[in-house]
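A.B. asks: Protein sequence lines correspond, in order, to chains A and B. Here the first sequence is numbered in full-length UniProt numbering, starting from 1 and rising by one per residue. Here the second sequence is numbered in full-length UniProt numbering, starting from 1 and rising by one per residue.
Be careful, since some hints might not be right.
To be verified - Take a look, some chain A residues computed to stay more than 10 angstroms from chain B by CB distance:
no. : residue
1   : K10
2   : H14
3   : N31
4   : G34
5   : D40
6   : E70
7   : G76
8   : Q97
9   : F100
10  : A154
What the hints assert, rightly or not - Think about it this way: if two alpha-carbon atoms lie no more than 25 angstroms apart in a straight line, the pair counts; the simulated PhoX-like pairs of lysine-lysine are:
no. : chain 1 : residue 1 : chain 2 : residue 2
11  : A       : K151      : A       : K114
12  : B       : K174      : B       : K199
13  : B       : K99       : B       : K262
14  : A       : K114      : B       : K99
15  : B       : K258      : B       : K99
16  : A       : K143      : B       : K99
Keep in mind the hints are simulated off the structure, nothing from the lab. All C-beta atoms in this analysis are idealised placements derived from N, C-alpha and C, irrespective of residue type, glycine included.
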Amino acid sequence: MQISMTINGKEYSHDIEPRISLAQYLRENLNLTGTHIGCDTSGCGACTVTVDGAAAKACTLLAVQVDGSEITTIEGMANGNEMHPIQEAFKENHGLQCGFCTPGMVMTAADILKNNPNPTDEEIRHGLEGNFCRCTGYHNIVKSIQHAAEKINA
Amino acid sequence: MIPAKFDYIKASSVSEAIGLLEKHGDDAKLLSGGHSLIPAMKLRLSRPEVLIDIGGISGLNSISEDGNEIVIGANCTHADIVNSDRINSDLNILAQTAKHIGDIQVRNRGTIGGSLAHADPAADYPAVVLACDAKIEVEGKGGKRTIPATEFFLGIFTTALAEDEIITAIRFPKVANGNYQKFFQSASRFAVVGVAAVKDGDSVKVGVTGVSGTPYRATAVENAYSGSSDAASHAVDGIDDLMSDHFADEEYRAHLAKVMVKKALEA
Ligand SMILES: Cc1cc2nc3c(=O)[nH]c(=O)nc-3n(C[C@H](O)[C@H](O)[C@H](O)COP(=O)(O)OP(=O)(O)OC[C@H]3O[C@@H](n4cnc5c(N)ncnc54)[C@H](O)[C@@H]3O)c2cc1C
Ligand code: FES
Ligand code: FES
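For reference, chain A alone in the conformation it holds in the complex (with noise of 0.2 angstroms):
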């Protein structure tokens, strides 16, 4: 089935079997290996991007089904050679450690701070429900959304 939209702001137009998910599709037919696939049957949050700027799991969506959508993935989160700053914020306070969660952590942080510019801890906390960190212990990954929130409000 052809399908076409829009990723990292550039056109993409293929023809693929409907069965292959959202997260098959970057991952196999764009190159676009910065979605991980963890669970893959939407438990643990590593395949997240957003579509048109909304955050979702890239393995529990079928790619005919977001045909004609706007999707970012982790690898345009930055601008050129310029991290973003939830990326740089993760950089700086350690919030990552192995990085299999970090893309879909950063994307869904891009989604809590879209819709909330000063969450608390706690809804930091909740907003990554359903992102899986088997490293970090989560401190610091919240620690960096923080951080993030003030980059991006200052």
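Fit chain B with the ligands to the known structure of chain A by using the hints.
C.D. replies: Coordinates of chain B with the ligands only, in the frame set by chain A:
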């Protein structure tokens, strides 16, 4: 994990979707948010040959007021419900409930129509549609009909929907005094037990999810409410199919139901 092969058709209207359901019968399934169906298809718990995507049908995602009622299109996402001013002010119990479904990503994609049609025994909305006496508006080859929430749920993953029927909207009365109490399953965030209570003077309507395979109205609690300070002790009266799993066995679940009903009555 990749689901088994299927044909995918994007329906552009309700009548087109009904025509496709009629044509493909048992082999077809509707797709809205996909947040119950796609994981099930990956795990081969579900294997439709034709997927009819109703996600893009215009007119199924509005939230409107009709006299004393609020009409919510089947394709409204949990996030649409959380963010609706109208629902927050006139049907606050539903906004409270939607806020605690899954996580941000799930709320951005999952829909109220999909959740009701799926009838997961641990889903949250069933308790609320029951306590509010909401009506499920459906359309099929025989035309439109309205199913009262109390007649909609027939069992685990089983509803009164016919094979060719689509939920188009859910019609709620405005509710001034209602609350939803959820005991979270700590890993999945689904409800182990969820209780919705809608109070009006000295009467109450109570909907319970997560306890029986079929969500139910706790009529014994409702009947005892005005005269008794111990109405919550009747939370599982007459329920003979208490669910049991590794998170909550029957005895624990029955106890939890009483505790959550008490909380909802006192909130
Ligand atoms: C990680 C995770 C956590 C979750 N946590 C919760 C939770 O805490 N509480 C909770 O209640 N739910 C929870 N859910 C389920 C979520 O709310 C689903 O979105 C919802 O159950 C199904 O809605 P959907 O739009 O995604 O439906 P789909 O998956 O698209 O469809 C589900 C079923 O309904 C049918 N269907 C869909 N739309 C219609 C319609 N309009 N008319 C007739 N049939 C239709 C489909 O054919 C299918 O059989 C969770 C899901 C995930 C993935
Ligand atoms: S890989 Fe998508 S949620 Fe885990
Ligand atoms: S940094 Fe390793 S899983 Fe989060």
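A.B. asks: Against chain B, does G34 of chain A hold up as non-interface, every C-beta pair farther apart than 10 angstroms?
C.D. replies: At roughly 17 angstroms from the nearest Cβ of chain B, G34 of chain A sits farther out than 10 angstroms, so the non-interface label holds.
A.B. asks: For K151 of chain A and K114 of chain A, compute the direct alpha-carbon distance and say whether it is at most 25 angstroms.
C.D. replies: Status holds; Cα separation ~13 angstroms.
A.B. asks: Take a quick look at G76 of chain A and tell me if its Cβ sits farther than 10 angstroms from every Cβ on chain B, holds or violated.
C.D. replies: holds (17 angstroms)
A.B. asks: Far enough from chain B: is every CB of that chain over 10 angstroms from the CB of E70 of chain A?
C.D. replies: The claim holds: E70 of chain A sits with its nearest Cβ about 14 angstroms from chain B, beyond 10 angstroms.
A.B. asks: At 10 angstroms, judged by beta carbons, does N31 of chain A keep clear of chain B as stated?
C.D. replies: holds (19 angstroms)
A.B. asks: Taken at face value, is the distance from the CA of K262 of chain B to the CA of K99 of chain B at most 25 angstroms?
C.D. replies: Between K99 of chain B and K262 of chain B the Cα gap is close to 22 angstroms, so the pair holds against 25 angstroms.
A.B. asks: Does the claim that K10 of chain A lies off the interface hold, with its Cβ farther than 10 angstroms from every Cβ of chain B?
C.D. replies: For K10 of chain A, whose nearest Cβ neighbour in chain B is about 23 angstroms away, the distance exceeds 10 angstroms, so it holds.
A.B. asks: Take the C-alpha atoms of K143 of chain A and K99 of chain B, compute the straight-line distance between them, and say whether it is at most 25 angstroms.
C.D. replies: holds (24 angstroms)
A.B. asks: Holds or violated: K258 of chain B with K99 of chain B, Cα cutoff 25 angstroms?
C.D. replies: With a Cα-Cα distance of about 23 angstroms, the restraint between K258 of chain B and K99 of chain B holds, given a limit of 25 angstroms.
A.B. asks: Does K199 of chain B sit within 25 angstroms of K174 of chain B, going by the straight-line distance between their CA atoms?
C.D. replies: The hint holds at about 12 angstroms.
A.B. asks: Going by Cβ atoms, does D40 of chain A stay more than 10 angstroms from chain B at every point?
C.D. replies: violated (5 angstroms)
A.B. asks: CA of K114 of chain A to CA of K99 of chain B, is that 25 angstroms or under?
C.D. replies: holds (17 angstroms)
Taken one by one, the earlier hints fail for this structure only at number 5.
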